[in-house]
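Enquirer: Okay, here's what each chain looks like letter by letter:
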Amino acid sequence: MVLVIAEQRNGTLNRASWEAIAAGQQLAAGSPVTVAVAGAGSEQAAKELAAADVAGVIAVTGAQVEHYTADGWVAAHAAVVASVAPQWVVLPHTYQTRDFAPALAVKLDRALVTDCTGIKTVDGKPAFTRPMYQGKLAADVRPLGEAPWLVTFQIGAFRGDQAKRGASPANTRMDATVEAAAIRQVPEEPFQEARQAVDLSEAERIVAVGRGIKGPEHLPLAQALAEALHAEVAASRPICDSGWLPMERQIGSSGQTVAPKLYVAVGISGAIQHVVGMKGARTIVAINKDAEAPIFEVADYGYVGDLFEFLPALTAELKK
Amino acid sequence: MVQTLSPMKIAVCIKQVPTREWQPRLADDGRSIREQDASWELNEPDAYALEEALRLREAHGGEVVVCTAGPARAAMVLREALARGADRAIHVEDAALGHADAMAVGAVLAEACGGEAFDLILTGLQSDDQGYAQTGVVLAARLGLPHATIIMDVKIDGGRLRVKRELEGGWFQWVGMPLPAVLTIQSGINQLRYATLKGIMAAKKKEIRKAAPSAPVTPRVEILSLYVPQKSKRTEIVSGGPAEAAAALVKKLREDARVI
Chain A
1 MVLVIAEQRN GTLNRASWEA IAAGQQLAAG SPVTVAVAGA GSEQAAKELA AADVAGVIAV
61 TGAQVEHYTA DGWVAAHAAV VASVAPQWVV LPHTYQTRDF APALAVKLDR ALVTDCTGIK
121 TVDGKPAFTR PMYQGKLAAD VRPLGEAPWL VTFQIGAFRG DQAKRGASPA NTRMDATVEA
181 AAIRQVPEEP FQEARQAVDL SEAERIVAVG RGIKGPEHLP LAQALAEALH AEVAASRPIC
241 DSGWLPMERQ IGSSGQTVAP KLYVAVGISG AIQHVVGMKG ARTIVAINKD AEAPIFEVAD
301 YGYVGDLFEF LPALTAELKK
Chain B
321 MVQTLSPMKI AVCIKQVPTR EWQPRLADDG RSIREQDASW ELNEPDAYAL EEALRLREAH
381 GGEVVVCTAG PARAAMVLRE ALARGADRAI HVEDAALGHA DAMAVGAVLA EACGGEAFDL
441 ILTGLQSDDQ GYAQTGVVLA ARLGLPHATI IMDVKIDGGR LRVKRELEGG WFQWVGMPLP
501 AVLTIQSGIN QLRYATLKGI MAAKKKEIRK AAPSAPVTPR VEILSLYVPQ KSKRTEIVSG
561 GPAEAAAALV KKLREDARVI
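If you read the sequences in order, they're chains A and B. Numbering-wise, the first sequence is residues 1 to 320 according to our numbering. Numbering-wise, the second sequence is residues 321 to 580 according to our numbering.
Because the hints were derived from the structure by calculation, they are not lab data. Since the structure is predicted, the reported quantities are computational estimates derived from the model, not experimental observations. Among these hints, one or two may not hold up.
As the list claims (entries may be wrong) - Facing chain A, according to a computed beta carbon distance under 8 Å, are these residues of chain B, among others:
{"no.": "1", "residue": "Gln356"}
{"no.": "2", "residue": "Ser359"}
{"no.": "3", "residue": "Leu463"}
{"no.": "4", "residue": "Gly464"}
{"no.": "5", "residue": "Pro466"}
{"no.": "6", "residue": "Val537"}
{"no.": "7", "residue": "Arg540"}
Claimed, not checked - Straight line, CA to CA, 27 Å or less: simulated DSSO-like cross-link-like pairs of lysine-lysine:
{"no.": "8", "chain 1": "B", "residue 1": "Lys329", "chain 2": "B", "residue 2": "Lys526"}
{"no.": "9", "chain 1": "A", "residue 1": "Lys120", "chain 2": "A", "residue 2": "Lys214"}
{"no.": "10", "chain 1": "B", "residue 1": "Lys530", "chain 2": "A", "residue 2": "Lys289"}
{"no.": "11", "chain 1": "A", "residue 1": "Lys107", "chain 2": "B", "residue 2": "Lys484"}
{"no.": "12", "chain 1": "B", "residue 1": "Lys530", "chain 2": "A", "residue 2": "Lys279"}
{"no.": "13", "chain 1": "B", "residue 1": "Lys572", "chain 2": "B", "residue 2": "Lys551"}
{"no.": "14", "chain 1": "B", "residue 1": "Lys551", "chain 2": "B", "residue 2": "Lys329"}
{"no.": "15", "chain 1": "A", "residue 1": "Lys320", "chain 2": "B", "residue 2": "Lys571"}
{"no.": "16", "chain 1": "A", "residue 1": "Lys164", "chain 2": "A", "residue 2": "Lys47"}
{"no.": "17", "chain 1": "A", "residue 1": "Lys289", "chain 2": "A", "residue 2": "Lys320"}
{"no.": "18", "chain 1": "B", "residue 1": "Lys551", "chain 2": "A", "residue 2": "Lys279"}
{"no.": "19", "chain 1": "B", "residue 1": "Lys553", "chain 2": "A", "residue 2": "Lys261"}
{"no.": "20", "chain 1": "B", "residue 1": "Lys518", "chain 2": "A", "residue 2": "Lys279"}
{"no.": "21", "chain 1": "B", "residue 1": "Lys518", "chain 2": "A", "residue 2": "Lys261"}
{"no.": "22", "chain 1": "B", "residue 1": "Lys329", "chain 2": "B", "residue 2": "Lys518"}
{"no.": "23", "chain 1": "B", "residue 1": "Lys329", "chain 2": "B", "residue 2": "Lys525"}
{"no.": "24", "chain 1": "A", "residue 1": "Lys261", "chain 2": "A", "residue 2": "Lys120"}
{"no.": "25", "chain 1": "A", "residue 1": "Lys214", "chain 2": "A", "residue 2": "Lys164"}
{"no.": "26", "chain 1": "B", "residue 1": "Lys551", "chain 2": "A", "residue 2": "Lys125"}
{"no.": "27", "chain 1": "A", "residue 1": "Lys279", "chain 2": "A", "residue 2": "Lys289"}
{"no.": "28", "chain 1": "A", "residue 1": "Lys279", "chain 2": "A", "residue 2": "Lys214"}
{"no.": "29", "chain 1": "A", "residue 1": "Lys261", "chain 2": "B", "residue 2": "Lys525"}
{"no.": "30", "chain 1": "A", "residue 1": "Lys125", "chain 2": "A", "residue 2": "Lys107"}
{"no.": "31", "chain 1": "B", "residue 1": "Lys571", "chain 2": "B", "residue 2": "Lys329"}
{"no.": "32", "chain 1": "A", "residue 1": "Lys289", "chain 2": "B", "residue 2": "Lys329"}
{"no.": "33", "chain 1": "B", "residue 1": "Lys551", "chain 2": "A", "residue 2": "Lys289"}
{"no.": "34", "chain 1": "A", "residue 1": "Lys279", "chain 2": "B", "residue 2": "Lys329"}
{"no.": "35", "chain 1": "A", "residue 1": "Lys261", "chain 2": "B", "residue 2": "Lys571"}
{"no.": "36", "chain 1": "A", "residue 1": "Lys319", "chain 2": "B", "residue 2": "Lys484"}
Quick reminder that beta carbons are idealized off the backbone N, C-alpha and C, glycines included.
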């Protein structure tokens with residue numbers, strides 16, 4: 001039995017929920033899957049989730065789980081786990097999951113494996129593949145101790161459209177009996193800081209720069225290449241943190257997710273937080289001095305060498 | 321806004337991780353790295369947590385205590401943090417902590433922080449080695465303290481915290497909570513300072529208190545195997561000098577990939 005904890009806001013499902021259901025179905029290997037979804041709008045989200053081939057969908061409602069808080073989610077989901085009594089608890093590795101799942105694991109006194117990208121069978125039992133050391137290595141790991149074991153899956157590791165549909169499961173509602181005093185966080189309304197003046201998700205071509213560019217004085221090299229390619233300029237997080245490019249040009253888990261025809265990664269090592277934002281690109285070119293950089297794992301074409309020599313040569317070639 | 325200024329006792333939990341330039345080599349057991357080949361540094365998100373603590377001390381007064389749970393080699397990052405301005409350090413030392421999972425490290429840190437009555441505990445949102453992104457939240461849950469994660473701004477007023485949580489896709493949210501509390505800090509929350517010669521000299525006189533876990537370190541996750549990941553794509557490397565390689569790449573992008 002697998003419990004999937006889905007995520008929604010105001011009735012709109014986070015699409016990573018469907019990916020978690022796909023992962024949960026694979027892990028269940030035929031045993032029942034139950035989905036729980038909490039918060040204001042959860043009953044509406046539960047209707048959408050009822051399209052999945054699962055045994056049941058539980059909408060977790062109540063005054064203390066109207067809006068997300070870590071304390072509210074831990075208390076409510078501990079009660080769901082007690083009631084469903086699953087072997088496995090599967091969650092998408094979203095920022096919200098990262099905020100409450102470790103505390104849920106402590107409350108249940110159970111193991112939690114985070115940021116997994118795949119499920120394997122080792123010695124007849126499930127094991128989980130996950131990146132380690134910034135994606136330079138991967139590990140097969142297994143949670144220890146008694147069930148239930150909690151597992152989170154990286155965004156994009158499973159395909160939501162491959163979650164099996166069609167069992168028309170029973171939808172139930174569960175009241176979260178959480179005392180108001182038990183919730184210490186007081187959340188305010190979410191907001192967007194920068195007007196997304198640049199919608200990079202619409203760009204056909206993107207030239208993205210990373211730490212390898214060394215300083216803002218070298219950005220014109222990337223800008224010239226972008227101009228020659230009719231591409232937008234984007235960046236990995238450290239470049240925006242340093243203020244060399246505005247935050248709105250950031251690609252990755254904390255920035256925008258893009259799927260252009262062409263993505264040129266310049267001096268980007270390919271940490272997973274970046275790769276999740278661009279691995280949907282049709283053609284990926286990586287330019288990096290380090291032949292072992294993880295970016296080459298997703299690249300179609302690569303140049304290993306000095307970007308300060310290669311970018312001008314590439315721009316000149318395009319202008320011929 | 322008028323801020324009530326009362327001194328803060330702040331802990332920063334930090335970790336020693338292999339440097340970004342480190343080329344991984346696997347140990348013979350196939351489940352760990354060859355530590356003798358690694359070069360080490362302060363986990364980057366923890367450096368931002370330390371900087372935030374130093375800024376809070378500058379604004380409110382008080383004390384910044386850095387704490388690590390690691391083997392003997394981890395003392396290096398404590399000295400680094402003391403040189404950057406932390407007041408004293410706690411080193412929970414155990415060889416098994418070098419490769420322990422987040423649940424085990426969080427339990428050990430909770431024990432070390434528990435008796436100190438900190439007003440605020442900061443740590444980075446995740447480590448650049450195992451990257452579980454759990455330790456701060458485990459620590460909070462173990463200590464029974466409220467927490468918030470992936471924080472981009474910290475305000476303290478009248479004994480309460482108001483912090484800016486980063487959500488996905490450019491969204492943010494302010495969250496209030498009482499002190500004491502635990503926060504995990506996002507990289508880029510501030511601009512880092514580096515150790516000065518004066519700081520390095522001053523650090524030599526600062527205390528590093530050693531402690532040992534009261535019980536054996538109990539793993540909750542087993543690493544079955546560690547390996548270089550298989551490529552999901554076959555990468556065609558263009559070779560030659562810059563001009564030659566550029567010509568080859570443009571040809572491929574035009575004629576094979578047809579993306580320009």
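Enquirer: Against chain A, run the beta carbon of Gln356 (chain B) and see if the smallest gap drops under 8 Å.
Expert: 16 Å, violated
Enquirer: Holds or violated: Pro466 (chain B) as interface residue toward chain A, Cβ cutoff 8 Å?
Expert: 4 Å, holds
Enquirer: Between Lys530 (chain B) and Lys279 (chain A), does the CA-CA distance stay at or below 27 Å?
Expert: 45 Å, violated
Enquirer: Keeping to a limit of 27 Å between CA atoms, is the pair of Lys261 (chain A) and Lys525 (chain B) held or broken?
Expert: Violated, at about 58 Å.
Enquirer: Holds or violated: Lys164 (chain A) and Lys47 (chain A), Cα atoms, limit 27 Å.
Expert: 16 Å, holds
Enquirer: Within a Cα-Cα threshold of 27 Å, do Lys329 (chain B) and Lys518 (chain B) meet the stated pairing?
Expert: Holds - the C-alpha atoms of Lys518 (chain B) and Lys329 (chain B) are around 24 Å apart, at most 27 Å.
Enquirer: Verify the proposed pairing of Lys571 (chain B) with Lys329 (chain B), using a straight-line Cα cut of 27 Å.
Expert: Distance ~61 Å between Lys571 (chain B) and Lys329 (chain B) Cα, so the pair is violated.
Enquirer: Can the restraint linking Lys518 (chain B) and Lys261 (chain A) be considered satisfied, given a maximum Cα separation of 27 Å?
Expert: Violated, because 52 Å separates the two Cα atoms, which is more than 27 Å.
Enquirer: Would the pair Lys214 (chain A) and Lys164 (chain A) pass a check requiring their Cα atoms to be no farther apart than 27 Å?
Expert: 46 Å, violated
Enquirer: Against the 27 Å threshold, does the CA-CA distance of Lys551 (chain B) and Lys125 (chain A) hold or violate the hint?
Expert: Roughly 25 Å between the alpha carbons, so the hint for Lys551 (chain B) and Lys125 (chain A) holds.
Enquirer: Compare the distance between the alpha carbons of Lys320 (chain A) and Lys571 (chain B) with 27 Å, and conclude whether the hinted pair is satisfied.
Expert: Holds, at roughly 12 Å.
Enquirer: Do the alpha carbons of Lys551 (chain B) and Lys329 (chain B) lie within 27 Å of each other, as the hint requires?
Expert: 47 Å, violated
The structure is inconsistent with the numbered hints 1, 2, 3, 4, 6, 9, 10, 12, 14, 20, 21, 24, 25, 29, 31, 32, 34, 36, although it conforms to all the rest.
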